[in-house]
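Participant: If you read the protein sequences in the order shown, they are chains G and W.
Position 38, counted from 1, in the first sequence is what numbering that gives the first Met the number 0 calls 37; the numbers after and before it change by one each time, with no gaps.
Position 172, counted from 1, in the second sequence is what numbering that gives the first Met the number 0 calls 171; the numbers after and before it change by one each time, with no gaps.
Rather than coming from a laboratory, the hints here were simulated on the basis of the structure.
It should be emphasised that the depicted structure is a prediction, and the values quoted were computed from it without experimental measurement.
A hint or two may mislead.
[Stated by the list, open to error] Pairs of lysine-lysine residues, derived as BS3-like cross-links and limited to a Cα-Cα distance of at most 30 Å, are as follows: (1) Lys-114(W) <-> Lys-72(G); (2) Lys-188(W) <-> Lys-312(G); (3) Lys-5(W) <-> Lys-144(G); (4) Lys-181(G) <-> Lys-188(W); (5) Lys-72(G) <-> Lys-191(W); (6) Lys-193(G) <-> Lys-30(G); (7) Lys-135(G) <-> Lys-81(G); (8) Lys-67(G) <-> Lys-126(G); (9) Lys-188(W) <-> Lys-396(G); (10) Lys-254(W) <-> Lys-136(G); (11) Lys-261(G) <-> Lys-323(G); (12) Lys-67(G) <-> Lys-188(W); (13) Lys-274(G) <-> Lys-5(W); (14) Lys-181(G) <-> Lys-191(W); (15) Lys-130(G) <-> Lys-188(W); (16) Lys-144(G) <-> Lys-254(W); (17) Lys-312(G) <-> Lys-142(G); (18) Lys-135(G) <-> Lys-193(G); (19) Lys-130(G) <-> Lys-144(G); (20) Lys-81(G) <-> Lys-199(W); (21) Lys-254(W) <-> Lys-81(G); (22) Lys-107(G) <-> Lys-182(G); (23) Lys-239(G) <-> Lys-274(G); (24) Lys-191(W) <-> Lys-142(G); (25) Lys-279(W) <-> Lys-142(G); (26) Lys-107(G) <-> Lys-191(W); (27) Lys-199(W) <-> Lys-135(G); (28) Lys-114(W) <-> Lys-126(G); (29) Lys-142(G) <-> Lys-199(W).
[What the hints assert, rightly or not] Reference listing, derived: stretches of chain W covered by chain G, where coverage requires no fewer than 3 residues with Cβ under 8 Å from a Cβ of chain G: (30) 163-174; (31) 190-204.
[Said to hold, decoys possible] Chain W is nowhere near these chain G residues, computed Cβ spacing over 12 Å in every case: (32) Thr-98; (33) Lys-107; (34) Ile-117; (35) Lys-194; (36) Thr-204; (37) Leu-209; (38) Asp-220; (39) Asn-260; (40) Asp-334.
Note that CB positions come from ideal geometry on N, CA and C, so glycine has one too.
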Amino acid sequence: MDESVFFQTLNISKNYGPVRALIDVSFSLRKGEVRGLVGENGSGKSTLASIISGIILKDHGTMMKDGKEYNPKHIQNAYENKIGIVTQESGLIEDLSITANLFLGREKEFASAGFLNIRKMNEDANKIIFKILKTKKMLAEDKVKNYSFEERKIIEIIKALYLNPEILILDETTDAFSRDNKKMLWEIIEKIKKKGVSVLYISHTISEVLDNTDRITIMRDGKIIDTIDSHSHTEDDLKKMMVGRELKSNYYREDYQGSFNKEKIVLKIENLSSKNAFSNVSFSLHEGEILGIGGLSGCGMSKLGKAIFGLLKIDAGTIYLPIKNKLLKNHTPVDSITQGIGYLPKDRDSEGIMLLASVKDNINLVSLDRIQRGFAFINSKDEISVAKNAIKELQIKTPNIDQFCIGLSGGNRQKVSLVKWLVRESEILILDCPTRGVDVGVKAYIYIILEKLRLQKKSIILISEELPELIGMGDRILIMKDGIIGSKVFKREEKPREEEIINYMI
Amino acid sequence: MQIKNKYLSMIYSICGVPVLLIIFFTIFGGSRFFSLNNFFNIIQQSVAPSLVVWGICFVMIMNSYDMSPGVTIILASMISTIMAIKYGYVGLIFGGVMTGMIIGTLNGFCFLLFKVPSVILTIGLVMIYEILSCMISNGRGIYLPDTFGRLSYVPYNLILWIIGGTIAYFLYNRTIIGLHIQTLGSSEKIAKNGGVDLNKTKFMGFLICAVFGGLGGVMYQSYGHFVQPQIGLTSLVLLFPALTGFFYALAISKKVNIIIAVAVGQITLNLLMNGLIIIKLPTTIQQIVMGGLLIFVVAIGPRGSNAGDIIK
């Protein structure tokens, strides 16, 4: 065993029924190393992280830490062994204060005769927050629900750090972070690395993993493919190893003409405002156009998408569909769907799909009126055939059409969430971060679908926090900052650069 | 400014409906309603149900149901009466608390042992407890001698109310078990990952609920002096007003701590019942109005409030 290695797994296996999630995984970590862990959805990254942190139990194999056998039965064992994890799912109780969440399970340190010293807890929590963030922008007394999704993840990271872990696992927690918060996170990681803490960083953002880690382990189909030095490899090398085939180095659109129909406006937004979200937003969407809307998270662009679809109250302004000569006023999602508008939300699992419903039901959800026969009966034959065609068309990996979506990988859930609008043949699609949290394979596939839709003269509003995505796919790009759309329009034919756009975002 | 708004919305949540009710019943009920004496009675009537609802909070917040508080009241009333006759006031209170502890232990133990949904389990147990109430009383009603009525008089009833509320408040907000109950209600998975002992927390939730139910039984018996055994799930009739109180409290709990909200809720519901009686509305209509008020409060409660999340 390499002397610098202080944690390793030997031939770890995990099966879920017939599915082999991990196959003989041997993995090692050095002290003070920042290790990237990449792979497609379903490759086994999260399973490995969950086993190391005691969230799930391994079937076979052994784990060693500091030369001793390490066999966590639950997450508390991992904490006791100085292994902390921040998972993809929320690990906080929204209705409790940051303090209560921070010290959950460790309240005894503040208890006397069964009663808690809440003042002392709050004081200590505020000290911990300040020590890590160096700002007082979070108050320990506040309830977690008063903070955004991103801030909650930061709270979880603080919670993991305050336990002084020797290994910190970040499982796809930072993919949706803004630039500022990512910068802050990497500064924190750099600092704890110097203290000898090892970090296992799981992410789909390949460029970031390459830039910030020491070594990267690549997983595919439950196995470790290789562990490479981060500084001597490119993004393309990694993608190839992840998917097991050559991916185009540039999976975005290759045309630079911005070839949409400039004469035909399908959606006209004028002076649209919604309280505490955005104000005076005006733009036009053309037939066959991909209109990118970018900005930092929390700038209001996601709320704009919701408002256009009818999910957020509009206080002023108009939404007009010129071809149908239809003004959408006080509209609901039902009105939008009827007028041919589809919407893919950012938060897929809670807003985009029904996790505890079948793939078939999800696909047919917005098109039931089209397969309804007679008075109110759904034609089950049509329902099945629509679902089967959609699964085939988008290559959704599911054992059958009755599979509950909760059993699908993130990428396949995203495909289900998207395909229902294709089945509906929506003319206008509002896509909010359509490639968030999906692997490169699915990402490339979603871009192919967008390109296909564009060529079919469908119009797309692409809301995204990823600049390469906006530049790569958009005909025009608008930037939103603090709820206001900037006057500068970035056109595809002018080949805008990332650095140029960033100046308008921050 | 924010703090000012916070307090304003808290005052609105606490006083909004009661003030509307007072105005309405003063207009239609006159001085029979609007008198200090009447208001004082209303507060005193809120003591016993508040104790029961405080207990219910500990189970309901865990996303579980306990259908046994009604029969707990009956059994506690019986046992405390029997013990009061032998041991005086100590027996009266101890009998109620002990009955609650035994029922809570049984509820919690069976919940952990059988792992069936709490609503089904506790309905099954209610049937058994009701039979027990018949056996203890030989099928007849049990009287508490008039000499033991002191707990229903001022200041003893109010002292017990304040003590009960303070214990509930500290248990819920300032103890590990209270925080763990709240955690469990939000997410069992997060609670487990956070090192919360799920079995112990669930057990304690049922235990606390029943102990408060037992104390409620003592108060009901002190006021009414008479308790009858029940069979055929008729004890559930005693539970439903308490549930109404809980849901009312839940609806305003985003702005007011739920333990305080329970007391406010009980006073509000008693204001309503008292007013309806004074304006001589038939009992059937009283029930309709009571149901309507509950729906109204939950509907106008803050969007995304706990009530909206839990009452589905």
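Participant: Look at each hint and say if it fits the structure.
Facilitator: Consistency of the hints with the structure:
1. Distance restraint check for Lys-114(W) and Lys-72(G): the Cα-Cα separation of roughly 22 Å lies within the 30 Å cut-off, and the hinted pair is therefore satisfied.
2. Pair hint Lys-188(W) plus Lys-312(G) does not hold up; C-alpha atoms about 34 Å apart against a cutoff of 30 Å.
3. A threshold of 30 Å between alpha carbons decides the hint, and for Lys-5(W) with Lys-144(G) the separation of about 16 Å falls inside it, so the pair holds.
4. This hinted pair checks out: Lys-181(G) and Lys-188(W) have alpha carbons roughly 27 Å apart, not beyond 30 Å.
5. Using a Cα cut-off of 30 Å, the hinted pair Lys-72(G) and Lys-191(W) holds, with the two alpha carbons roughly 12 Å apart.
6. Restraint check for Lys-193(G) and Lys-30(G): satisfied, since their Cα atoms lie roughly 10 Å apart, inside the 30 Å limit.
7. Simply put, Lys-135(G) and Lys-81(G) have alpha-carbon atoms about 27 Å apart, close enough for the 30 Å limit, and the pair holds.
8. In summary, the hint linking Lys-67(G) to Lys-126(G) is not supported, as the alpha carbons are separated by about 34 Å, beyond the 30 Å threshold.
9. Between Lys-188(W) and Lys-396(G), the direct Cα distance comes to roughly 28 Å. Compliance with the 30 Å bound is thereby established for this hinted pair.
10. Our distance criterion of 30 Å between C-alpha atoms is met by Lys-254(W) and Lys-136(G), whose separation comes to about 23 Å.
11. Distance check on the hinted pair: Lys-261(G) and Lys-323(G) sit about 17 Å apart at the alpha-carbon level, within 30 Å; holds.
12. A hinted pair counts as satisfied when its Cα atoms are at most 30 Å apart, and Lys-67(G) with Lys-188(W) qualifies at roughly 29 Å.
13. Between Lys-274(G) and Lys-5(W), the direct Cα distance comes to roughly 20 Å. Compliance with the 30 Å bound is thereby established for this hinted pair.
14. With a C-alpha separation of about 29 Å, the suggested pairing of Lys-181(G) with Lys-191(W) holds against the 30 Å cut-off.
15. With a C-alpha separation of about 29 Å, the suggested pairing of Lys-130(G) with Lys-188(W) holds against the 30 Å cut-off.
16. This hinted pair checks out: Lys-144(G) and Lys-254(W) have alpha carbons roughly 14 Å apart, not beyond 30 Å.
17. A C-alpha spacing of about 26 Å is found between Lys-312(G) and Lys-142(G), which places the hinted pair at or below 30 Å, so the restraint holds.
18. For the given pair, Lys-135(G) sits about 25 Å from Lys-193(G) by alpha-carbon distance, which is consistent with the 30 Å threshold.
19. Note on Lys-130(G) and Lys-144(G): the hinted pairing holds, with a Cα-Cα distance of about 22 Å set against a maximum of 30 Å.
20. Note on Lys-81(G) and Lys-199(W): the hinted pairing holds, with a Cα-Cα distance of about 26 Å set against a maximum of 30 Å.
21. The hinted pair formed by Lys-254(W) and Lys-81(G) fails the criterion: a straight-line CA distance of about 39 Å is larger than 30 Å.
22. Taken as a hint, the Lys-107(G) and Lys-182(G) pair is broken in the structure, with Cα atoms around 35 Å apart against an allowance of 30 Å.
23. The hinted pair formed by Lys-239(G) and Lys-274(G) fails the criterion: a straight-line CA distance of about 46 Å is larger than 30 Å.
24. With a CA separation close to 20 Å, the supplied pair Lys-191(W) and Lys-142(G) stays within the 30 Å bound.
25. About 46 Å separates the Cα atoms of Lys-279(W) and Lys-142(G), which puts this hinted pair outside 30 Å; it is violated.
26. Straight-line distance between C-alpha atoms of Lys-107(G) and Lys-191(W) comes to about 16 Å, which keeps the hinted pair within the 30 Å bound.
27. Using a Cα cut-off of 30 Å, the hinted pair Lys-199(W) and Lys-135(G) is violated, with the two alpha carbons roughly 36 Å apart.
28. Between Lys-114(W) and Lys-126(G), the direct Cα distance comes to roughly 42 Å. Violation of the 30 Å bound is thereby established for this hinted pair.
29. Only pairs whose Cα atoms come within 30 Å are accepted, and Lys-142(G) paired with Lys-199(W) is accepted, the gap being roughly 25 Å.
30. With 4 residues having a Cβ less than 8 Å from any Cβ of chain G, the region 163-174 of chain W passes the three-residue criterion, so the hint holds.
31. Coverage of a stretch by a chain is defined here by at least three residues with a beta carbon nearer than 8 Å to that chain's beta carbons; for the region 190-204 of chain W and chain G the count is 6, and the condition holds.
32. With 12 Å as the threshold on Cβ separation, the claim that Thr-98(G) sits away from chain W is violated: the shortest Cβ distance comes to roughly 10 Å.
33. The beta carbon of Lys-107(G) sits about 7 Å from the closest Cβ of chain W, which is not more than 12 Å, so the claim that it is off the interface is violated.
34. With a cut of 12 Å on Cβ distances, Ile-117(G) falls inside the contact zone with chain W, its closest approach being about 6 Å.
35. Every CB of chain W is more than 12 Å from the CB of Lys-194(G) (nearest about 25 Å), matching its label as outside the interface.
36. Thr-204(G), annotated as away from the interface, keeps every beta carbon of chain W farther than 12 Å; the closest lies near 25 Å.
37. Here Leu-209(G) stays apart from chain W, with its beta-carbon at least about 31 Å from theirs, past the 12 Å limit.
38. At the 12 Å boundary, the C-beta of Asp-220(G) stays outside the reach of chain W, the nearest C-beta of that chain being 27 Å off.
39. Every CB of chain W is more than 12 Å from the CB of Asn-260(G) (nearest about 42 Å), matching its label as outside the interface.
40. For Asp-334(G), the requirement that its beta carbon stay farther than 12 Å from each beta carbon of chain W is met, with the minimum near 22 Å.
Checked against the numbered hints given earlier, this structure breaks hints 2, 8, 21, 22, 23, 25, 27, 28, 32, 33 and 34; the rest are met.
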